[in-house]
Amino acid sequence: MLRPDKISENGRFNNFDNKEILYGKKKQHLPAMGWNSWNAFGSGNTEALTKAMVDKMVELGLDKLGYQYVVLDDGCYKPERVDGKLTSEETKFPSGFKAISDYVHGKGLKFGMYNDIGVKTCSGARVGICGYEDVDAKSYIEWGVDFMKVDNCYYPFDNATFSNSENAAYTFTPNIKAIKICGDNEVTLSAVADGKITGDRAVVEGDHVTGLGTFDGTGPDASPVGVRSSELVFEYDAAKAGEYKLQVEYQSGRVEGCGDWLQLAVDEEYFYDDFLTEGLAEELSDKNLNDPDKRDNPVDNNMPDLDEENAKKDAADNAYNWSAPIKVTLKKGVNHIRVMNHRRQENTLNSYSRILKALNDAAPDHDIYYSACEWGKSHPQNWAYKVCDCWRILNDITFRVGSDGDPGHGDWKDDYTPSVTTQYNKAVIMDEFAGLDKGWNDPDMLMVGMNGLDETQCKSHMTLWSVMNSPLMLGLDLRRVEKGDWIYNIIANEDLIALNQDALGIQAKRVYSTLAKGRPDKEYIRDINRVDILVKPLTGDRLAITFFNVSQEDKTGTYKVSIDEIKKAFGDKIKTGAKYSVKDVWTKEESENTSGVFEANGLKACDSITVVVTPN
Amino acid sequence: MKTAEFIDYIIEQSPASAGDTAAFFKHMMADNSDAMLEQSVTKKKAAMIIYAFIKDVLGLKDIDWGVSKALRDIYDCRICANAIAQVVERGILTPQSENLFGGDIIMNDDGLRLAAQKLKACII
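The listed protein sequences correspond, in order, to chains A and B. Position 480 of the first sequence, counting from 1, maps to 480 under the working numbering, and the rest follow consecutively. Position 2 of the second sequence, counting from 1, maps to 2 under the working numbering, and the rest follow consecutively.
What the hints contain is simulated information worked out from the structure, not anything from laboratory work. There's no promise every hint is true.
[To be verified] With the C-beta cut set under 10 Å, the calculated list includes, among others, these residues of chain A facing chain B:
no. : residue
1   : G124
2   : S403
3   : D406
Cβ atoms here follow ideal geometry from the backbone N, Cα and C, with glycine treated the same way.
Please build the complete structure, drawing on both the sequences and the hints.
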């Protein structure tokens with residue numbers, strides 16, 4: 001049966017902030033640089049295309065500039081396992097994965113592959129790693145994998161992409177009306193009158209509290225900053241220490257916001273962590289394993305909107321029940337009884353951990369760069385540092401990937417996630433989560449070279465990804481690139497790459513925005529009609545300053561930042577001088593600044609200026 | 001009609017003037033296991049099959065996303081989002097509503113035959 005693991009102490013929400021790294025995951029990795037097949041060729045990548053890309057990486061000297069990983073994304077596997085193992089799709093990769101891995105290594109590069117924590121990959125191939133961690137880890141080690149990108153489709157313990165929408169039952173508590181504490185006396189506490197909601201995911205609705213779980217971070221609506229989940233906490237002053245029985249008055253559901261899984265803790269001690277409805281675990285396991293594409297459902301039930309509307313109505317019609325008594329231990333005095341569900345984050349961390357553990361078991365000394373591609377759904381910035389090197393922050397940057405002969409399409413702006421600015425808007429306020437001791441926010445792969453983005457936009461895209469310490473994964477058909485052409489000049493800008501790969505490993509901080517009200521580094525601003533200024537401390541007491549016109553209109557103003565303002569943002573990391581050497585990473589112009597005020601006079605639409613400043 | 005039958009049907013309906021269908025067939029066999037070929041055809045699967053035909057056989061360039069951008073569930077399918085957009089923009093498959101494609105709806109034979117006929121209309 002598919003069932004979420006029992007969560008150990010070090011995988012608990014309570015310990016997300018404890019800085020503890022799990023399973024000996026090696027840290028101190030700079031952002032990864034390389035090429036990934038998805039944006040370039042989608043699921044149509046082949047052995048021949050990959051070899052051509054490897055050859056071009058060497059011919060263009062990209063390997064010398066730091067691009068080292070060559071990653072086979074989705075679409076490379078035979079759609080079903082063979083004797084329980086992963087194999088290559090023979091028409092696309094006739095020589096197998098070891099052969100292509102050897103080819104990559106033979107050229108001095110590193111080899112990466114893709115899988116998924118669910119039962120299938122996003123392309124629908126029934127080769128997801130869920131339940132096969134040990135078997136697949138051995139295969140990956142055999143093939144000489146240096147990089148793993150792991151996706152989140154068909155995940156059985158959440159309502160992820162393609163997953164059964166009823167899996168929301170795992171990740172939210174039911175609606176809660178009251179709790180009853182039975183000791184020498186019986187005390188009933190109202191969720192609304194007596195409970196306190198933490199965070200802002202949960203709300204009071206009439207006579208009950210709903211939404212006890214974690215925001216879904218896949219889309220651009222939810223800010224990444226702050227606590228992204230809610231608990232319902234009751235303060236109870238116990239007359240004496242001892243064992244009590246606690247019941248919860250609940251209304252079960254299977255939709256985002258109202259589930260069936262309850263976590264009950266008193267302060268830091270857990271007393272319950274499971275479904276409340278008997279048989280639900282078996283029912284959902286059966287659906288996730290045997291019908292992940294929901295094909296046995298009658299047609300009407302496959303209408304997503306109707307499903308959710310009907311499910312919400314059904315949930316509203318469900319009766320409130322009292323749970324079976326849960327034994328809890330209370331101390332004399334004030335106890336904080338926590339009604340909550342952190343399983344969205346805990347289950348996902350656990351699933352990514354299982355893969356790491358299996359890879360470690362298969363090859364303890366082999367360091368694999370580990371990229372979590374769960375699209376920000378469970379706010380990985382809170383937990384992924386424990387097991388991964390980078391974590392996607394949103395759904396994809398493009399849904400119009402290329403193919404052989406078609407460069408694909410990227411957008412500067414979009415209401416949802418597929419655009420440079422949507423990804424940038426979120427990543428730019430996530431610098432607090434990044435670092436050499438943690439890992440990197442990942443606003444998805446580069447779209448440089450796709451239709452839909454002009455040279456200026458590609459230049460800014462590359463610039464912002466570089467200074468935000470994003471992984472720099474090229475996603476174009478490199479056969480279209482020649483040394484000296486505009487695409488080459490962007491992806492091969494050594495001064496820019498040096499910012500991304502700077503040994504201090506500090507993501508740029510937004511220190512100013514024309515639309516910020518008070519905290520430019522924390523405010524989630526989605527209106528792109530603005531100019532931002534970012535600063536990134538570098539080794540050698542230097543710093544990089546980027547002036548970025550996010551909008552699609554020319555801006556004629558003067559935008560400035562002083563060294564004193566920068567010091568306020570960074571403190572001791574910033575050294576001042578009597579004068580400053582300034583070098584523009586694009587024009588290569590060098591100048592001297594004696595005022596300590598750095599400015600940009602006017603910025604073209606979508607354009608950016610980046611300078612490296614050295615105090616003298 | 002199961003997936004394999006729909007693939008065969010599209011090929012059968014394709015006139016010689018459309019182009020060689022061998023690459024399309026090979027693509028379909030590479031992307032679908034035996035079990036997948038036996039499955040009924042959801043709307044999103046139909047979109048992927050039809051789009052593969054548009055690219056592999058007809059060699060048509062993508063159309064810009066217009067009305068497709070309003071489909072809330074299009075982004076639920078990274079592997080088929082563009083396929084859905086291309087068949088919707090060309091009028092080959094109709095969204096369930098103004099802002100929902102309905103990718104998980106299983107298509108009946110009449111719906112699949114109609115889609116194949118509309119695909120034929122794209123053949124110049």
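Comparing the hints with the structure gives:
Because the closest C-beta pair between G124 (chain A) and chain B is about 7 Å apart, less than 10 Å, the hint holds. Hint status for S403 (chain A): holds, given a least beta-carbon distance of 7 Å to chain B, under 10 Å. A cut of 10 Å between beta carbons decides the hint on D406 (chain A): the least distance to chain B is about 7 Å, and the hint holds.
Hint violations for this structure: none, all hints satisfied.
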